[in-house]
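Peer 1: What follows is each chain in one-letter form.
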Amino acid sequence: MPREADLDALLTRAQGGDVRAFEALLQSYLPKVRRFARAFALVEADADDLAQDALMKVYKSLKLFRYQSAFSTWLFAITRNSFLDSAKSRAGRQRGVEDSLNERHARAPSEAPLADEELSREQEKARLWRALRQVPAEFRSALVLFDLEGHTYDELAVIEGVPVGTVKSRLFRGRVLLRKLLGEEQEASGTSSGTSQEPRSSKLPGSTS
Amino acid sequence: MNDLPDRLRSLSEDPPDGGFAAALHRRLAEAGAPRPLPFWRRLPEMRLLWPALAGATAVAAVLVFGVLRARPAARPREVAAATQLPATKVAMVRVNLSAEVEVADAHIRVELPEGLAFWSDGEELNQRHFEWTQALRAGDNEIPIAVRGLKPGRYRMTVSALIGSERVEDEVLLQVVDG
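Protein sequences appear in the order of chains F and L. Per the numbering used here, the very first residue in the first sequence carries number 1; after that it's consecutive. Per the numbering used here, the very first residue in the second sequence carries number 1; after that it's consecutive.
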């Protein structure tokens, strides 16, 4: 992560259209943004497109950054909004799609044989991602940013534009839902279709959508 | 199941690049420079300069739009009393877009007639109108606009908002007087 003085210099250059400076700014956040996108992609293959679309919005809006929060907080606020918009636009379509993780696993033995333990770990991760994608978008966003990426309550409050109490509530409810989904998937293991859909109802109390 | 946060943390492995950075670079290079700041986002700096403008007059002309509120017709509504504005002095006109619900994209347009001018960074601007797209939150959305009267007379500043196919428009009556 660049030092503060470097960050300012990079920001100024990036705001002026220096792509290399923007890429340097982003470097340490790219893996986080890509993981974040993965939680909102219908299929694994779409995750990087989603991440790139969000990062393009960050770049185009760069002059709006006014140092009122940390750059990383602002960046995640923009990417989160982009992912939530994308989830909303898909919500009505309800198209079921094959999760390409399954395809990856199907290919895996011929590419690099996996030990039983490693295969089991990969399956557990695939199960977690699948369940996470079923959690309503606002809760999902909080779970990824807090539990997966380690942001603080205060950072999440700024990113999501809500009070800390709402952040805690979203986390609590998100975890309850995720546990339920993982439990259901465990019960149905062996019969799982491996499909992923945007949850039908992501309307939250107090939301305007 | 109490280890859920730990299980989620196990997902935080860095994905392989797989051409991601190169693809992003291509898109960034094609995109050109970041978008310039919309007019109204430059106003906070202008407000900081406000005390330095000797004799400047603050005008609080407030328009309220019932954005997305059903209206019989989107016709201009005349403000009862004209706001007085001394000629050659800069005044702040506050436009309030009051929305009943959050709006993702509202297209705002502010237009001045001859005899009034926008003012920014200590200079008179040549543009007769400004338009931009912004989100509106539910409730009040105040937009301060610095205006200068060039010669005495009564003028109408027009403000409109286009949300989807619905357009609402209102006017502020400004009276520029000697002074």
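The set of hints was computed from the structure by calculation and includes no laboratory data. Just so it is clear, CB atoms sit at the ideal spot from N, CA and C, and this is done for glycine as well. Take these hints with a grain of salt, some might be off.
[To be verified] Among chain L residues calculated to face chain F with C-beta under 7 Å, some are:
| hint | residue |
| --- | --- |
| 1 | Leu4 |
| 2 | Pro5 |
| 3 | Pro15 |
| 4 | Pro16 |
| 5 | Arg27 |
| 6 | Trp132 |
| 7 | Ala135 |
| 8 | Leu173 |
| 9 | Val177 |
Peer 1: Take the hints in turn and mark each one as holding or not.
Peer 2: Here is how each hint holds up against the structure:
1. Leu4: holds (6 Å)
2. Pro5: holds (4 Å)
3. Pro15: holds (5 Å)
4. Pro16: violated (10 Å)
5. Arg27: holds (6 Å)
6. Trp132: violated (12 Å)
7. Ala135: Cβ of L/Ala135 sits 9 Å from chain F, so the hint is violated.
8. Leu173: Where the cut-off is 7 Å and the nearest Cβ of chain F is about 33 Å from L/Leu173, the hint is violated.
9. Val177: violated (36 Å)
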